[in-house]
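A.B. asks: Sequence:
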Amino acid sequence: MPSDELPDDIALERVYAEYVRLGGICNDYIKNALGDIRLLGAIGALLVWDPLARLLELEARLHQPVTPVGFLVLLLVIVLVLFYDLLKQSIFFFHLSRLRELERVLNRRTLGDQHELFHLAGGWPGWFRRCHAPVARGFWGVFYLLVVAFPSTLLYLQGYLGWLIVYLVSALVLLGLHASCAQRVLRSLG
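Residues 16 to 205 (our numbering) are what the sequence shown spells out, left to right.
Keep in mind the hints are simulated off the structure, nothing from the lab.
Hints may be right or wrong, so weigh each one.
Each pair of labels, with its calculated beta carbon distance range [unchecked claim]: (1) R199 x L91: 19 to 29 Å; (2) Q198 x L91: 17 to 27 Å; (3) L160 x G205: 29 to 39 Å; (4) T125 x V163: 22 to 32 Å; (5) A57 x V181: 16 to 26 Å; (6) Y31 x V84: 52 to 62 Å; (7) R29 x Q198: 29 to 39 Å; (8) R145 x A48: 19 to 29 Å.
Backbone N, C-alpha and C define an ideal beta-carbon position, used for all residues, glycine too.
Construct the complete structure from the given sequences, taking the supplied hints into account.
C.D. replies: Structure (structure tokens):
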């Protein structure tokens, strides 16, 4: 409920306790989200392991080509993890919006409207646009490039042109869908 509609008889301690509870939920999300990079790293290791291991055998020729279906399966797993992360980010942003409402109540009741002692959730959208978003765009740009360029290059070098087209179309559609959904989630920041 918007802070202007909150009854005046709600105890400040109760509002602060809810603020602390939601802050803990958000901190747990951050810890878990940063741990997801390990999962993406493991997927990347799977993606790279076999082709690089065989390419480093300098005296041996590639007897078995990299499986194009394997790249498609890895792409699907990667996209699944990306969408799972978007679901978690959406829930985090919901909690963040609730924290902003509680910050308004706490600031209004403790300091009046002139100061903002509680400003973590309220300050996040501005910080995100100024500092976090440029770094995130760079990270996702490199990530998308690796997910598309590495398998595409190997498929091309091995002469799998049909599979290359299937992989590129699949990657562009799935990653484009992810980027579109990510933009929708980010617009919820306000």
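A.B. asks: Taking each numbered hint in turn, which are not upheld by the structure, reported in ascending numerical order?
C.D. replies: When the structure is compared with the hints, only number 4 turns out to be violated.
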